[in-house]
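First to last, the sequence lines map onto chains A and B. With the working numbering as the guide, the letters of the first sequence map in order to residues 1 to 77. With the working numbering as the guide, the letters of the second sequence map in order to residues 1001 to 1225.
Wrong hints could be hidden among the right ones.
[Said to hold, decoys possible] Subject to a maximum C-alpha distance of 20 Å in a straight line, what follows is the list of computed EDC-like cross-link-like pairs (lysine to aspartate or glutamate): (1) A/Lys10 to B/Glu1214; (2) B/Lys1139 to B/Asp1121; (3) B/Lys1002 to B/Asp1076; (4) B/Lys1002 to B/Glu1214; (5) A/Lys10 to A/Asp67; (6) A/Lys58 to B/Glu1068; (7) A/Lys10 to B/Glu1028; (8) A/Lys58 to B/Glu1214; (9) A/Lys10 to B/Asp1116.
Everything labelled a hint here was simulated from the structure, so no lab data went into it. These numbers were taken from a predicted model, which means no experiment stands behind them.
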Amino acid sequence: MRARVLIRPKAGILDPQGVAVERALPALGFAGASNVHVGRLVELDVDDAAQLRPMCEKLLANPLVEDYEVQLLDDGG
Amino acid sequence: MKFGVLQFPGSCDEVDAVEAARNVGDAELIWHRDRDLRGAEAIIVPGGFSYGDYLRAGAIARFSPAMESVIAFARDGGLVLGICNGFQVLCEAHLLPGALLPNVNLRFTSRQVELDVVRGDTAFTRACAAGQRLSIPAKHSWGRYYADEATRRAMDESGQVVLRYAPGHNFNGSVDDIAAVRNDAGNVFGLMPHPEHAVDELIGGSADGLSIFESMRLAVEGTHA
């Protein structure tokens, strides 16, 4: 099964990457973009989708500073 | 006394850590695949880029065989010092509270920093006096210490903040200027600046880092007495 894990900085924790991107956009003429946050994307095939959450808690994310969201994708089968 | 210094693929400060520790005792390297800590009485998790810092700094090193032994050693009360990447590894292993995030300036920064000793009565600072200022180099891009407010309150109550960046020296944006923390039991300690690079005035401009290693020696030899 194909899965996608989205990992984001927790709300309220300063995200300097998001701030830098947000500041760069108007400089390129893109007005009106706000609340920019930069996270990580992990895509993987797993036999057992029940393992995804423990994987996130233990390794893929650091729950102290990051939120994660698991998406199961159509595996085309 | 004998120090054991871990060596991961991607470590780069382990030899300096061995040399620094040899100012106060014996020291040898422990390869990351080795579960045997070989009689070390204190462990140093050194700086560098363990396992390429993939995913998050320290996230993968924390599961190495040597770290499993270090976690057990720490749970038994053994002294563990984490420097820079080693601090990140100890936080990822939950031996220390909090986490390290990208520097607020998003840049790799290498500079001398001044640190205020908050507590001179810990196993890692007993050769220092509270209020003393240490001059030690720092070099990292992922050194912004963060712990949530409840955690920081608990840390304050149990005296777990050991060093703070002096005014004007908190270049990475660490919360409350926190530069070094210890665990509640007091036997695990981590900091981003590099005491092992400040043990010889001739080449480091400061030998203030020696006091960290000397404190550990005093702590270990005190427990033998």
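To see whether the hints hold, each was checked on the structure:
1. A/Lys10 to B/Glu1214: Given that 20 Å is the threshold and the Cα spacing comes to 39 Å, the pair is violated.
2. B/Lys1139 to B/Asp1121: violated, 27 Å
3. B/Lys1002 to B/Asp1076: Distance ~17 Å between B/Lys1002 and B/Asp1076 Cα, so the pair holds.
4. B/Lys1002 to B/Glu1214: The given pair, whose Cα atoms are some 12 Å apart, holds under the 20 Å limit.
5. A/Lys10 to A/Asp67: holds, 5 Å
6. A/Lys58 to B/Glu1068: Holds - the C-alpha atoms of B/Glu1068 and A/Lys58 are around 14 Å apart, at most 20 Å.
7. A/Lys10 to B/Glu1028: Between A/Lys10 and B/Glu1028 the Cα gap is close to 40 Å, so the pair fails against 20 Å, i.e. violated.
8. A/Lys58 to B/Glu1214: violated, 35 Å
9. A/Lys10 to B/Asp1116: violated, 30 Å
Checked against the numbered hints given earlier, the structure breaks hints 1, 2, 7, 8 and 9 and satisfies all the rest.
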